[in-house]
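Asker: Chains as they are written, first to last, in the working numbering: chain A, 140 to 503; chain B, 140 to 503; chain C, 140 to 503; chain D, 140 to 503; chain E, 140 to 503.
Keep in mind that the hints were calculated from the coordinates and are not lab data. Warning: the hint list may mix true and false statements.
[Stated by the list, open to error] No farther apart than 27 Å at their CA atoms in a straight line, the calculated lysine-lysine pairs in the DSS-like style are these: (1) 358/B / 358/C; (2) 358/A / 358/B; (3) 270/C / 358/C; (4) 358/E / 358/D; (5) 226/A / 358/A; (6) 358/E / 358/A; (7) 358/D / 226/D; (8) 358/B / 270/B; (9) 358/E / 226/E; (10) 358/C / 270/D.
A quick note: this is a predicted structure, and the numbers were derived from the prediction, not measured.
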Amino acid sequence: MKAKFNQIKSIPGAAPGIEHDEIVNLPAGSGQVSISCIDYSPEQVSMQEIADLDDFVSHHRPEWSVVRWICVEGFSDRHAIHALATKYDLHPLAVEDLLHGTQRPKVDSYGGEGSEFLARMFIVARALSIKDGRLQHEQVSIFLGHNTILTFQENRSIEWNPIRQRIKARGSRLRSNDASFLAYSLLDAIVDSTFPILEFYSDRAEDLEVLLLEHPSPKIINEIHQLKRDLLLLRWVIWPMREVVQVLQREVHECVSDTTRIYLRDLYDHVIQIIEIIETYREIASDLTETYMSSVSNRMNEIMKVLTVIGTIFIPLTFLAGVYGMNFRYFPELDQVWAYPVFWVICVIGAVTMLLVFRRRNWL
Amino acid sequence: MKAKFNQIKSIPGAAPGIEHDEIVNLPAGSGQVSISCIDYSPEQVSMQEIADLDDFVSHHRPEWSVVRWICVEGFSDRHAIHALATKYDLHPLAVEDLLHGTQRPKVDSYGGEGSEFLARMFIVARALSIKDGRLQHEQVSIFLGHNTILTFQENRSIEWNPIRQRIKARGSRLRSNDASFLAYSLLDAIVDSTFPILEFYSDRAEDLEVLLLEHPSPKIINEIHQLKRDLLLLRWVIWPMREVVQVLQREVHECVSDTTRIYLRDLYDHVIQIIEIIETYREIASDLTETYMSSVSNRMNEIMKVLTVIGTIFIPLTFLAGVYGMNFRYFPELDQVWAYPVFWVICVIGAVTMLLVFRRRNWL
Amino acid sequence: MKAKFNQIKSIPGAAPGIEHDEIVNLPAGSGQVSISCIDYSPEQVSMQEIADLDDFVSHHRPEWSVVRWICVEGFSDRHAIHALATKYDLHPLAVEDLLHGTQRPKVDSYGGEGSEFLARMFIVARALSIKDGRLQHEQVSIFLGHNTILTFQENRSIEWNPIRQRIKARGSRLRSNDASFLAYSLLDAIVDSTFPILEFYSDRAEDLEVLLLEHPSPKIINEIHQLKRDLLLLRWVIWPMREVVQVLQREVHECVSDTTRIYLRDLYDHVIQIIEIIETYREIASDLTETYMSSVSNRMNEIMKVLTVIGTIFIPLTFLAGVYGMNFRYFPELDQVWAYPVFWVICVIGAVTMLLVFRRRNWL
Amino acid sequence: MKAKFNQIKSIPGAAPGIEHDEIVNLPAGSGQVSISCIDYSPEQVSMQEIADLDDFVSHHRPEWSVVRWICVEGFSDRHAIHALATKYDLHPLAVEDLLHGTQRPKVDSYGGEGSEFLARMFIVARALSIKDGRLQHEQVSIFLGHNTILTFQENRSIEWNPIRQRIKARGSRLRSNDASFLAYSLLDAIVDSTFPILEFYSDRAEDLEVLLLEHPSPKIINEIHQLKRDLLLLRWVIWPMREVVQVLQREVHECVSDTTRIYLRDLYDHVIQIIEIIETYREIASDLTETYMSSVSNRMNEIMKVLTVIGTIFIPLTFLAGVYGMNFRYFPELDQVWAYPVFWVICVIGAVTMLLVFRRRNWL
Amino acid sequence: MKAKFNQIKSIPGAAPGIEHDEIVNLPAGSGQVSISCIDYSPEQVSMQEIADLDDFVSHHRPEWSVVRWICVEGFSDRHAIHALATKYDLHPLAVEDLLHGTQRPKVDSYGGEGSEFLARMFIVARALSIKDGRLQHEQVSIFLGHNTILTFQENRSIEWNPIRQRIKARGSRLRSNDASFLAYSLLDAIVDSTFPILEFYSDRAEDLEVLLLEHPSPKIINEIHQLKRDLLLLRWVIWPMREVVQVLQREVHECVSDTTRIYLRDLYDHVIQIIEIIETYREIASDLTETYMSSVSNRMNEIMKVLTVIGTIFIPLTFLAGVYGMNFRYFPELDQVWAYPVFWVICVIGAVTMLLVFRRRNWL
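Work out the full structure, taking the sequences as your base and the hints as a guide.
Answerer: What follows is the structure, encoded as structure tokens:
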């Protein structure tokens, strides 16, 4: 659990945000770093892996470039992040959110008309994936400027290749549009990656239900419990995306074009659909618990019925057998020839009567 | 379950929407296609089945035609859909929603005043039906222009014939109004088709309740479970219709006339009434589970009472019989003539006392 | 149940509303019809039963009449309804709602300033009553014009006589005000008729609680179930009244005077109070179920305690008696004179010890 | 229960409000009446018990009087109420609310700027108290004019003496402010009288919890039930106070001064705090029920464990003893010298094995 | 419990607020008092412990001082509080809230543009801490002026040292900003101190879950109960912080700078994140109770199965043994040589058959 609902780890009273100068002093993480840069315009496209970032930031982009997308995967190279933060003047609070990687999805807009700063948007999303049957999620941070996009993720939990393909495809809608459309496409990829996960949980709920009706075992309640918790986590990740997309779509911001806004409406529908499916699954999971409890009660009833039927038939007969096992000297029945057969007749009649009573009560 | 809460199946990162050129390349589905066209004005009406769509789209509508309704049933003819999408310039996102058939009900409006595009509305509804006791639902897509309506559904799960009859009837309110009134009439037919389904579930809930009180069996809890899930699905389909009708009624759009708006208010009342009935049934279904659980507990009580009554009466008596079955050599009672009758007297008194105690405790 | 949450019975796809010409063709219901007309002004009042409606509608109202109230009870005379619908130009949708009698409470306003039609309000309310211990409700439809009110109800489930008395009373507030005040008075009568019903359910809940504590029997859970369902129905009827009164009070409409608006505020308070009481009773009913379940569990505990106490005392003793009933040839104890008394001493000591243990555990 | 959620007792269809002339004809209640009048200004204060009200209302207030507070306790003197209602022109609806004493807290404002009437506010609050361990509440009605306040309560369930003391205290904030500040002070006294009651319920919940853990008896569930119902009633009384204070604070009304508005913000905080504490206690009470149910289940487990342990050990042994009590002629074991000791060895081994099994399963 | 949801202890009817003159007369509390004053500007900083407050308040601040922060820890020196309240003209209501220390978090703003008073904000927050495994919380009161901040807390439950360090650090963002940024930093420290507490509860929930699956004992339900109550208290403390931060961020107030507003947005995200985590934990705690109940039911099933298996096998066999222990004179079987072995064969066959039946029912 601790690993899942990530929390902001901060020293109470410490300064908020991470200043650009502090970035370099942070303990360098481990893991590979891959920084790539894509420039494209409707006519042209160029992709490069960046090895020497200092060299890269000192050059201007080619003139034909309409959109530049710098994609950072892995945070261990603190110098690279410092160079980008300085070059693109990222806000200290955004840098903190970016590096901590524990933010819930949100969108912040900085600057713009009437402000001395350039208009910027900082979008935080979380990419979901299933690894070894466990739900994982990782922060994806997107900086959106007028014609530049920076994306940051630590572990490559979402693959950008399909989007790179669409950029390469001449005449594609993505290639012909602006940076905000690229941002939309990235968010769309993140949101749509939730659908296979929903299917995974749909299958799991169905399996559990079948199991529940066939072999209600105590392990199932733990599985249902786990399912509920995963759905809780799913909701925790997806719910704020609703607000993110709504803000992007509704609030006018100079970085977001009208075409993008129409597509964001479609994305909003997807997010709503996902949220509704999650809520539905949560209700189904609750019903599963209820069904489990009632199946346990039913089994208890079955068990008790068996004991009661056996007990009710044999306990009185055992008493009767006990009576004729007594050693009283004057015991008239014992001497009769008919006594033993009559005993059996009484036993059979008693047992049959009991069985009929139970059948009438629907116990058999 | 998987089959019911349909999900958007999309490859994460794939391009959003379906461009007109892509339609033809989609794998052609199976099933019949039927495309019909109705033109009508208060004075005149003409209906035709369209066999050669290319020929059809190359002609203009007759001049007297006030409203043209093109009704497509079945999607397997990709060329026909491509031809219509091109002729009526349908938005790629709308084409995607149309073909996937997994959208929740919604309404999107495009273009209109101050925009370079023509005003359009794209309405998605879901038609409900009961087949073999199972709840089915299918997407119905409606494109509404100034004087044209296109409807698309895959399996003819809702019959438009009553509406066609009303168009044929000279002087009918539908015939005398514009395209938006036809759109309203289609939505009204879809919404009203829910009432027989509600009645079906009302009957089922009532049957379950009677069964519950007469023969509470474990199968019933599964039936209640199924009822709950169907109501969940019903709500999932109907709930967004509320918003659809509200948006159509409240937001001013040049395609929707004032007369239609008054009728939409009535439709809105119907949707609200359906939603309230569904919620009420959901509460009743919850109560049924509760009643089931308490009836199971009651039966358990009954069972245990029987065991306890039998046990409490006979266990002590069996002990007594056991005592006089012991083989101690010096056993004064055994030699008494009165011993055996006294034993029975003690047994009867003990049993009767117990029965009186139980009666006082309301156990019998 | 089916009889209670009435549903709109309509053929999907059928035309919405009932045109004036269609009224006459509807199958005539059975039952008596009573149509009365009251004209009043602060100075004068006249009441008449209308036998010949055609004659009546062809005349104008007397000049002194400030408010005319036409009160229709029973719908079997289709011609009368047709005549009134034509004379007062009732909207087809309103006529449909009126005749079907299955609408939830609502208020629709037509026409008014800037419209070609006269200002009208169509108010639907539902009158509640208890018949043979069962909750009944019936639709009351009110058409409000500038100085005319039409009321329609099928079964006279609410009595207008107290209101007629107040109209007859010279100088009464009702007599001195306009048509909207009469409409308010009618709604007030409908709403206030709920208070005795609330008291009925308050008594019933109290009775159930007493019963529950004294004789918790399985029948009570059904009674609680029925109580819950009746409260659900009550809420279903009253809840939309809140909106009706609020709309009447808040939205400015030329048919509603300022004086009426002040009185509607009071009516709104009453409706809120009723809703809160219903919600409170619903919570109390839920608590009753909980109490029932815990009382059932307690009884189970009692039952099991008895069985366990008896079993725990006598099962070991029976074993001991069985031991000394064995027929081993070499069985030293059997020959001792002290054996039998010692056996009893052991039995008594064992039983007393057990009883002390149980007492310490609070089982006795 | 009936006595607690008071309901408006009105004859359906009866005229709304109580006209001034009708007051005198109402059946006179019993009980003492005490009417007092306080006039004060920053410099001067005068208090008088009013015996002859007719005389009192015929005089004007002294010129120096800034605020006049007429305080009525007890309603049995109908003439007095009629005199006051006439003199201060109270609205018939307000008089009805005042005399019925069953209103939920609310605030109504009449007249004011642009109206022919004088600005007035009619505030209904409910004073809570604990009598003999039961929650009581009574209506306190406050009429607020520009410089006059009338308060009405039937049973003196709240004491105004502390407020009278503050008026007498020269230079007190209350003395230096206007009538609305006095109204605020009265409401503040009513709201603050809830805090000791909350403490009472806090103690009670704590006591119940301790009892629950020590001696879970069926009586406790009834106590929890009672606690829940009292909290329901508390909420029912306090919840609308939130709206009352908010309306007084937010909506500009000429009778409420700016200074009072600042103090009302503080009162609003108190009301919110009370509501949150009530909600918290309600959740705690729900948890108590849950804890009770789980403690009952635990006890059941304990009971069944004892029966099962005893039964599982002795039932097989009793069978064995029964076997060697059989009277077969050819019964080899019976003749062996070692048979009887071996029997005991088997019994002891069997019993010890069982006990070890139970210990491993944590049953002992 | 009583100690946790602190309540305003006030005498109903007593005057609201604490006038400056009354402060000195309040009973002096015990405990140490520490008052410190920090003046800082981007260039300079001075910190002093104040021993003689009267001397201190009579002097003006140094001219270079941009922000002055007076930090009071401990309330026992009533004279000091009186001196500060007078010097900074604190509102009587704020003084009352400050000294009672039972306020829920809130923000009040006084004065400002268009008012005769200086603009002031009074912010109440609550600092959380864990002491001896129990959740503690204490009120922190902050007065914010244009360039002055006063903070009051009774027990130093939150440490300001990290913030003092940041003030001392030349060039730090805190040092370069205004008083509102200091207020933000204090609130940020208070909010961030909640994260370790959340982690504490996350660990505790995880521990409980592991325990529940391994050794479900009645003590655990009490621990879950305690966890739930602590989360309730956490929510009670944090929930109003959301509103506090939102008000500070959204509502324009001359004391809050634009830079601070951007940082408050970040703080708002933190508060939302905390609230969501608390809600998630609450759902997890509810699930734990459910899991506990189902594990208790499962154990009951296990226990009953054992009893039933033993009973069902041995009770009939004991009857059989009883039969052949009877003393009838004419008892043909007893004399047969094969009888005894056959008896055992029957017993073994019966027992094995039962075991097979149980295995098929999944009872073994």
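Asker: So if I understand the rule, the pair passes when the alpha-carbon distance is 27 Å or less; does residue 226/A with residue 358/A pass?
Answerer: violated (55 Å)
Asker: Residue 358/E and residue 358/D were given as a pair; does the straight-line alpha-carbon distance stay at or below 27 Å?
Answerer: OK: residue 358/E and residue 358/D at ~22 Å, within 27 Å.
Asker: CA of residue 358/D to CA of residue 226/D, is that 27 Å or under?
Answerer: violated (55 Å)
Asker: Has the given pair, residue 358/E with residue 226/E, been kept, meaning a C-alpha gap of at most 27 Å?
Answerer: Status violated; Cα separation ~55 Å.
Asker: Verify the proposed pairing of residue 358/E with residue 358/A, using a straight-line Cα cut of 27 Å.
Answerer: Since the Cα atoms of residue 358/E and residue 358/A sit roughly 22 Å apart, the hinted pair holds (cutoff 27 Å).
Asker: Quick one, are residue 358/B and residue 270/B close enough, alpha carbons at most 27 Å?
Answerer: Answer holds: residue 358/B to residue 270/B is near 22 Å, not above 27 Å.
Asker: Run the distance test for residue 270/C versus residue 358/C: straight-line Cα separation, threshold 27 Å.
Answerer: The hint holds at about 22 Å.
Asker: Is the straight-line distance between the alpha-carbon of residue 358/C and that of residue 270/D 27 Å or less?
Answerer: violated (36 Å)
Asker: Taking only the CA atoms, is the gap from residue 358/B to residue 358/C under or equal to 27 Å?
Answerer: Between residue 358/B and residue 358/C the Cα gap is close to 22 Å, so the pair holds against 27 Å.
Asker: Given the hinted pair residue 358/A and residue 358/B, is their alpha-carbon gap at most 27 Å?
Answerer: Distance of about 22 Å is within 27 Å: holds.
Checked against the numbered hints listed earlier, the structure breaks hints 5, 7, 9 and 10; every other hint is satisfied.
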